[in-house]
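Undergrad: Sequence:
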Amino acid sequence: MKPADILIAVLVAVIWGLAFVASRIALDEFSPELMTALRFAVAAIPCLFVRRPEISWPLLIAISLSLFLGQFLTQAYGIAHGVPVGLSSVIVQSQALFTIAFAAALFREMPTRMQTAGIAIATIGLLMICGTVGYDFSVAASAVLMISPVSFAVGNLLLRRAQHVRMFDLFAWLCLAAAVPLFALALVTNGPQPTWHALGHMSPTGLACLIFLGAVSTSIAYWLWGRLLRDYPAATVVPFALLVPFVGSAASSIVFGETFGPLRLAGMVTVVGGIAVMLLARRPQALPKQDLPKQDLPKLA
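Mapped onto our numbering, the consecutive letters of the sequence shown carry residue numbers 3 to 303.
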């Protein structure tokens, strides 16, 4: 990679790590449903200027509901209900485990021995983290948060069907497709009056967090990431995502004074180590190719 592109990859990872902190601050003012809706409303503003990409509405909605709505709503719920920010960033990045597992089950993209070893290592780390659940946050919050990496993985696989479209345009419309049902959900779960009250009494800090989450972390960062994936092999770009949990954990320690017990810290390091093994391993081969439709055989992203 060119030095400038390496800096961009690191910058995106830093932005995504800091987004966990911004989410936690915003959740002091907004419910998980409303905060997530506002995030995507800000990120959907480019829809006023770009055309809908040439993919079907069912596919666009399916990608949006999994990659954006499902991932970020459950993530926000977990953080709002006490899951530490640093730990949340690690759990969300375990999506690599589920992406490889789902690709093997659905597309017969069998993982290599190294990827299988990475899956086993990351699974052990998740089990270690599960051993700390119930002390500073509930089992229910942990269970909901675990939906986030699963939804993220499903979205990754669906996104591979959106071939040959402009990533910036696609992500803008994905955000719009997520924002509409999220606003409806916020009105139903929170009630119209509390929702409008939260919007009318938004603080400058809350507004700044929403702009960062929507415009910077979602629109700009995803666009830059998409450009890198367009210009370089995924195996070259994706490992930079390993920086996200480190940035998220470090920032949470500084801003919120988050600390980790020995078992949880060991579990977090084990998960990140397993993910590193998975991402740095050689790519799997789809077997057998002749039995699958051509469109079902994209490379693992």
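If you're looking for bench data, these hints aren't it; they were derived computationally from the structure.
Ideal Cβ placement from N, Cα and C applies to all residues, glycine included.
Among the hints, erroneous ones may be present.
Quick list of the computed label-pair ranges, beta carbon to beta carbon [as the list claims (entries may be wrong)]:
# : residue 1 : residue 2 : range
1 : G275      : R54       : 21 to 27 Å
2 : G193      : I222      : 32 to 38 Å
3 : V141      : F258      : 19 to 25 Å
4 : L9        : I57       : 29 to 35 Å
Undergrad: For this structure, which hints from the list above don't hold up?
TA: 1
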